[in-house]
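*Asks:* Residue numbers (the working numbering), protein chains in the order written: chain A, 5 to 324; chain B, 5 to 324.
Honestly, I wouldn't trust all of these hints.
One copy or two, either will do: identical chains are not told apart, so a pair holds if it fits within one copy or between any two.
[As the list claims (entries may be wrong)] Listed next, the in silico EDC-like pairs over lysine to aspartate or glutamate satisfying Cα-Cα at most 20 Å (straight line):
#1 Lys273 with Asp200
#2 Lys273 with Glu218
#3 Lys259 with Glu290
#4 Lys259 with Asp32
#5 Lys273 with Glu302
#6 Lys259 with Glu242
#7 Lys259 with Asp111
#8 Lys259 with Glu249
#9 Lys273 with Glu294
#10 Lys259 with Glu205
#11 Lys273 with Asp317
#12 Lys273 with Glu208
#13 Lys273 with Glu290
#14 Lys273 with Asp6
#15 Lys259 with Glu145
#16 Lys259 with Asp225
These are calculated hints, taken from the structure and not from any lab test.
2 protein chains.
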Amino acid sequence: MDIPATALAIRRGDRLALARGLTQVENDTPAGRELLSLLFAEGGQAHLIGVTGAPGTGKSSLVNALAAFYRRTRQVKVGVVAVDPTSPFTGGALLGDRVRMRDLATDPGVFVRSMAARGALGGLAHTTAAVVQLMDAAGYEVILIETVGAGQSEVDIVRLAHTTLVIEAPGLGDDIQAIKAGILEIADILVVNKADQPGVENTERALMSMLEMEHHGFEGDPTHWIPPVLRSIASRNEGIEALAEAIQRHQIFLKNSGEWQRREAARLKGELHVLVQELLVQAWQEALPENAYQQTLEALLSRQTSPHQAAQDLLRYTHR
Amino acid sequence: MDIPATALAIRRGDRLALARGLTQVENDTPAGRELLSLLFAEGGQAHLIGVTGAPGTGKSSLVNALAAFYRRTRQVKVGVVAVDPTSPFTGGALLGDRVRMRDLATDPGVFVRSMAARGALGGLAHTTAAVVQLMDAAGYEVILIETVGAGQSEVDIVRLAHTTLVIEAPGLGDDIQAIKAGILEIADILVVNKADQPGVENTERALMSMLEMEHHGFEGDPTHWIPPVLRSIASRNEGIEALAEAIQRHQIFLKNSGEWQRREAARLKGELHVLVQELLVQAWQEALPENAYQQTLEALLSRQTSPHQAAQDLLRYTHR
């Protein structure tokens with residue numbers, strides 16, 4: 005791969021070059037890293053929107069409807085990153101859904117990328133960040149990141165986003181509410197999708213009362229964001245315009261309050277930390293004599309040495 | 005704190021010394037690390053049993069009943085580590101439950117420790133490992149680790165255990181089943197608790213059919229463990245003896261198949277890796293000139309340099 009040429013092609017909007025670049029970035033190859041470095045100055049422009057929710061809430065349809073809305077009304081380029089193995093974008097859902105998504109995928113202003121949920125989940129957050137960075141550099145102004153809301157890995161991925169939508173649907177039980185309490189804390193906007201189904205008022209009320217507890221005393225404070233609760237029926241395109249408006253209000257809030265820059269800085273700092281750590285471990289491994297690790301490990305497994313002692317012994321090889 | 009004296013007192017079975025030691029270990033102080041090192045040779049004896057399940061499955065009652073059963077029938081010392089914020093052991097549940105648990109806590113052969121779910125969840129798995137290690141060194145032969153089954157953090161904690169029980173209850177919906185698919189993969193024994201409630205056959209059948217898909221073709225293979233599905237009513241002490249027997253069968257399977265040693269080795273190797281990484285970052289930070297980090301970070305935030313370039317620049321300070 006001619007890396008400078010690929011970087012230029014990605015900047016020009018060449019979709020094939022972007023697809024090839026993303027594969028390098030996903031596999032964390034030297035070429036992928038160099039591409040990211042070359043294009044880094046171009047990035048930082050996109051509005052990153054996380055969309056998370058349990059299976060069955062219809063969040064893929066919502067991502068689809070939002071992407072189509074942005075294309076129709078604002079002519080911005082839209083990227084979609086699906087990190088959900090059950091998403092139709094990754095091929096996990098019903099054929100009807102996949103056909104609908106494919107309409108979107110034929111629009112040259114939309115780029116859809118689905119991530120394989122392979123290996124360590126912490127690593128998935130890291131890879132997703134790199135994929136989003138490349139799309140951002142390629143000029144995608146809105147990037148929707150879809151995850152299934154079920155754990156720490158999703159929380160890590162969602163931390164990438166400037167604005168996080170948490171999608172609920174009527175009729176979810178009490179148990180699931182308890183499990184998802186952690187997910188609610190990261191919501192900037194709450195959406196009750198499938199709002200034509202029975203129980204929508206109950207779900208809305210439960211969400212409102214959780215929000216009231218959390219944001220009590222901040223009503224009317226312009227420096228404090230209280231997540232709105234919106235209704236939608238994504239399959240019929242209802243409620244999408246109001247949702248897009250709420251997303252825009254949140255973007256303006258972030259920029260006015262300085263929170264946009266703070267999130268940007270925290271993200272870059274976190275990424276730097278991970279990279280430094282990786283490079284340190286790599287340099288240490290290269291400097292380590294071949295038998296030293298094996299010997300120390302054997303002493304540890306036979307409990308002749310403790311983990312702390314073993315770590316200190318191993319470190320001595322690189323600090324001479 | 006006199007560390008060698010505390011270590012000796014912990015080995016002698018002094019509960020107060022253990023409690024104080026655990027506080028040091030939980031806070032990851034130098035004293036805590038030294039204690040762990042001093043006592044490391046004593047460990048590796050305990051059977052670590054993970055107990056995980058959604059809120060409402062009654063897993064705390066089950067932990068309670070199991071601990072009481074082991075005390076009554078085998079006279080072993082039992083440790084309980086509760087990593088679940090909704091557990092009565094951590095004070096999160098109804099008063100009636102807490103009173104029942106307190107009976108257990110007055111038994112001098114039982115030691116209960118609840119973990120605060122503070123900070124990063126990855127860190128919680130690490131701290132839990134250290135707490136379990138100290139209890140193990142203090143001579144607790146069975147250690148029950150209770151977590152709420154809701155994500156990657158719990159999976160990480162459960163990886164500590166030799167034997168993992170996944171607790172279900174009748175009447176959980178389809179949504180929750182989808183979310184917990186990942187949790188099922190780590191189950192060594194499945195328990196349908198609250199087996200006096202309606203729907204117990206449905207839950208059992210759903211679990212059995214998931215197990216059949218996963219273990220198809222391995223029936224009768226003595227080198228392959230197929231998780232049994234058991235019923236219990238923990239609040240009435242029903243099904244506890246059969247559960248304890250299944251746990252013992254699993255322990256024998258682990259030891260005969262060599263899996264016990266493999267899990268032990270994988271755990272120690274993982275711990276060593278984390279400690280080496282920590283020490284490397286620490287040594288690098290100490291060697292870094294004061295302004296270097298700040299300057300590099302500013303260049304990164306203004307996008308004059310990329311994260312990879314910034315990391316390499318920073319590494320140069322320690323590789324001269």
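*Asks:* Against this structure, judge whether each hint is valid.
*Replies:* Okay, the hints, checked on the actual structure:
no.	hint	result
1	Lys273 with Asp200	neither (43 Å within a copy, 53 Å between copies)
2	Lys273 with Glu218	neither (28 Å within a copy, 41 Å between copies)
3	Lys259 with Glu290	neither (44 Å within a copy, 36 Å between copies)
4	Lys259 with Asp32	neither (32 Å within a copy, 39 Å between copies)
5	Lys273 with Glu302	between (37 Å within a copy, 10 Å between copies)
6	Lys259 with Glu242	neither (28 Å within a copy, 59 Å between copies)
7	Lys259 with Asp111	neither (30 Å within a copy, 58 Å between copies)
8	Lys259 with Glu249	within (15 Å within a copy, 61 Å between copies)
9	Lys273 with Glu294	between (34 Å within a copy, 17 Å between copies)
10	Lys259 with Glu205	neither (33 Å within a copy, 54 Å between copies)
11	Lys273 with Asp317	between (30 Å within a copy, 14 Å between copies)
12	Lys273 with Glu208	neither (37 Å within a copy, 48 Å between copies)
13	Lys273 with Glu290	between (26 Å within a copy, 18 Å between copies)
14	Lys273 with Asp6	neither (30 Å within a copy, 39 Å between copies)
15	Lys259 with Glu145	within (16 Å within a copy, 56 Å between copies)
16	Lys259 with Asp225	within (16 Å within a copy, 61 Å between copies)
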